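Asks: Each chain, letter by letter, is given below.
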Amino acid sequence: MTLHSRTTTTKKERRFRIGTAALPYVLLFPTVLFVTVFTLLPSLRVLYDSLFIQNQAVKIPQFAGIDNFTELFSSASFHDVLFNTFVYVLVTVPISVFLALVLALILNRKFRALGLYRLAFFYPTVLPMISAATIWYFMYTPGYGLINVFLRNFGIPSQSWLGSANLALIALMILGIWKQTGYFMIFYLAGLQGLPHEIFEAADLDGASTIQATRYLTVPLLMGTTLFVTTIAVINGFESVDQIYIMTGGGPNNATSMLLFNLWQTLFSFLDVGKASAMSVILIVVLLIFTTLNFIFTERRATYE
Amino acid sequence: MSRKIFAFLVLALLLSAVAACAPAATPTPSNVTLTFYYPVAVAGPITQVIDGYIQKFQAANPNIKVNAVLSGGYPDTLTKIQTTIKGGGTPPDVAVLLSTDLYSLVDSDAVQPLDDFVKAAGGDSFTSDFFPAYLANSNYQGHIWSLPFQRSTPVLYYNKDLFKAAGLDPAKPPTNYQEMVDAAKKLTKADGSQWGIEISSDGIPYWLFQSFVIGNGTNVVGKAANKVTFNDPQVAAALQDFADLGSKHKVMPADVLLWANMPNDFVNGKAAMIWHSSGSLTNILKQAKFDVGVSYTVGEKGFGAATGGGNIYMLKGIPAANQAAAWKFIQFMTSTDIQADWSINTGYIPGRQSAMSSQAMKDYIAKTPQAAVAPAGLKYAGAELAAHNNAQIQKALGDAVQSVLTGKASAADALKAAQTQADQILAPFKD
Amino acid sequence: MNNRRFASRSLNTLGLVLLGVVAIGWAIPIIWTFAVSFHPPEESLSASNLWFGTQPTLANYATAFKIAPFAQYYINTIVIVFGILIVQLVTISLAGYAFARFQFRGQNILFFLILLQLMVPSSALIVPNYSTIRQLHLFDTLLAVMLPFFGSAFGTFLMRQTFKTIPRDLDDASKMDGANWLQTLWHVYIPPARPAMIAFALSSISFHWNDFLWPLVVTNSESSRPLTVGLAVFTQLGEQGAQWSLVTAGTVIVVGPLLLLFLIFQRQFIESFLHSGLK
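Chains A, B and C are the protein sequences, given in the same order. Residue numbering for the first sequence follows the numbering used here, beginning at 213 and increasing consecutively. Residue numbering for the second sequence follows the numbering used here, beginning at 969 and increasing consecutively. Residue numbering for the third sequence follows the numbering used here, beginning at 305 and increasing consecutively.
Hints in this document: simulated from the structure, not taken from any laboratory. Treat the numbers as computed from the prediction; the structure is a model and nothing was measured. Honestly, I wouldn't trust all of these hints.
Sample of chain C residues at the chain B side, in silico, Cβ under 8 Å [what the hints assert, rightly or not]:
1. L349
2. S350
3. K370
4. I371
5. A375
6. T436
7. R438
8. F443
9. D473
10. D475
11. D476
12. S478
13. N524
14. S525
15. V537
16. Q540
20 Å max Cα-Cα, derived EDC-like pairs, lysine to aspartate or glutamate [claimed, not checked]:
17. K1195/B / D1212/B
18. K322/A / D444/C
19. K1195/B / D1399/B
20. K1054/B / D444/C
21. K271/A / D1075/B
All C-beta atoms in this analysis are idealised placements derived from N, C-alpha and C, irrespective of residue type, glycine included.
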């Protein structure tokens, strides 16, 4: 079906006239082009490169099957990397989400200072991670870093946070939680405001305590938000690299080396394309699982609305 | 009509034949533009100082223009250059890179040997002015590849006031490991408010560790680029000495200490002695409210230290005209006066011995006598760890050092594991 | 019941007070950073001299500006961020319109192709994307930082969702008036989509303003380096150990304007984050 041409169309209008059949393809072309060049083809390329050995010693890529993967999975330092990444995610995600919910519950009322509270918790989201990491590197300084000064008030001696194999990862996790909790809190606040009042009034009349109401009503009703922020937190965890770059460089002794940082180091410091591609594949697979879950759950939630 | 055209064509043909046969006119010196990458690891208005040097060079060489690029830190600069060459791009003409990057650069076929240029400049009489310790990392496979530009060594800074308070002679800093431990014990307060010594092990942990090793009479690397000696009883003893400071002698906090925090701890009096780069002197003097002493780092047998810092390289694959211009620039940047001036501005040690006797340097040392100590200590220096696939090799040793200092492994075990790893990494390289 | 309500209200107030302490704790890092940036560089930081020092000074800021070209970094970042945004607004509008209002062969395949970008984040693809930039000879350019982001799956779906809510009658009426697709898009679809586009814009701006790893990988010199990489380079002046008063000054230069903007447009920022999250 073509548009009827009008005899008074100007040249400019005629230039924009494209047959309806071709139009959607033309409209989609730029987006499809960029996604193909920068997402689709690279994903395939990474899969392909991961099957070859290519590094400083072997300049011409040699086919190696899954050797890169087996070498990675049998190397102690990669075990550390995977362990650190999973610990980081498993700790920061529940704490950030839970803390965000608690903050939102407490702040879910109209009072004058609400804006200030919201500002205090949310502003870390606005900062680039690189600057947040610089600030916290300073905060963790033994002796006069604010963290240690604060702990001394409780009789805890100054710790070398970033120099201790046991504490370094914890230090990064604290930073991660500080940075993202405010962001999740905002989502919970919005979610809470969208909840129907009637249910809570009914519960109150039935004699339910605030805690009971929260546990049996609020939390289930906010499940969609919880799933959403959880997925964001997981992805943030797996993509952590800025803070490692600035604060620890992966040390001490690989205690803070995580997947994306190790990937970057393997390619740009060690020039090992094969291994770096293998790590990229692993990262993609893990993230693919989580983003698929997120998409399914939010789409399902959207259809309920 | 056609005859006229025919005649015209013949004439044109004849003229062009004559022109083709004529000898080519001697080319007028064309303008060359050099690209110069330099990393920065020290604070201060470095870009302005470099720009000043470039102005001076361009004034003396009107047909050469230098385009200077501040390319981040040393690792970033190396990465950018290596990946440029890998990707078939155009590398810069001249770059300042770590002296230890040499093997990786030669492996990537990234740098140009300087033999012919050095020979034309006088050969040995040209190179003899450079500190021999600094030229150690310039030679490979019988060629010379770089010249020292901004070098440093670790030194021992000590708080003379605290020395006096503890009954130690401030004019007699420790000359070996045992003396350092003894002094540190007198300087350590039980409540943790003052430590006798602090030596960091983050960042590039192997560098300060090498002082223990070289001061023990050996080294972790020799002249070969594909061999390292981590798994050696004297190296293990050196690592144990390092760890003992915290765990056994209790004169140092038993953790990985952070390089960035050391100068601050020193000027606050929290650490009576620290090991740090010779380049930190200016900042320490600026903040310290006490008399600062500078001496050398030690191992069991005496003084020892690894050299550090950057050399200036010429990249490969640049056109011949650029090469000649690049050599002129390299000569300029490593000349006595520039080296002295650069040293005064940045705290790096000049590459040339004659720079130490220049008037500018003499005046500076008159004001800041501590600045003369580090260059005089180069006679105790040994080669910095360098091998093929350097980043991974350095990480292997660094991880071993950190694992022992955090109590996760014994010195012997950690070094054995590091040796195995290093051998595996170096196996494909046949030198 | 009155007792319970009183108890729960005083518990709430107590909760708010405690929370106030926590909130101050949350805000301390940036406050401290700001204070230390005025600390005189000749005075070392110690447990007894933690904040402004004996005489606050602007010397650190002067030094910071001398050492690093923050103005250039700002310009680069602004060009990158708004360059990406402008192209994105065009591509997502066109693509969103195509998906919202057209039926065509291969529709679903193309839909899933674009969906891929939501599932595979760009950080996992730095290895091949870096070599693509090299092959295009775009290394160390602002364009290199922008290019991979010109197509946005998230924006496309957002526009698709938004356009679908516009009644078809308006579209048909516009066509009957003789408008071509571009005029229809511009006059009928874009205006009501403004809130969604603003939300998308704020989300895109903040993501790209704060991006670090990709610009680190594809830029090399000041002419293309954005603020995040510039700050990292600035703080890596490692040979001499940390000079915190200088580093904090650099940090304030980088985040100060951002925070100020946030303070002024707090509500719009927050609402846009919310909007962008709830697809």
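Asks: Kindly indicate which numbered hints from before are broken by the structure, ordering the numbers from low to high.
Replies: Per hint list: 5, 6, 9, 10, 11, 12, 17, 18 violated.
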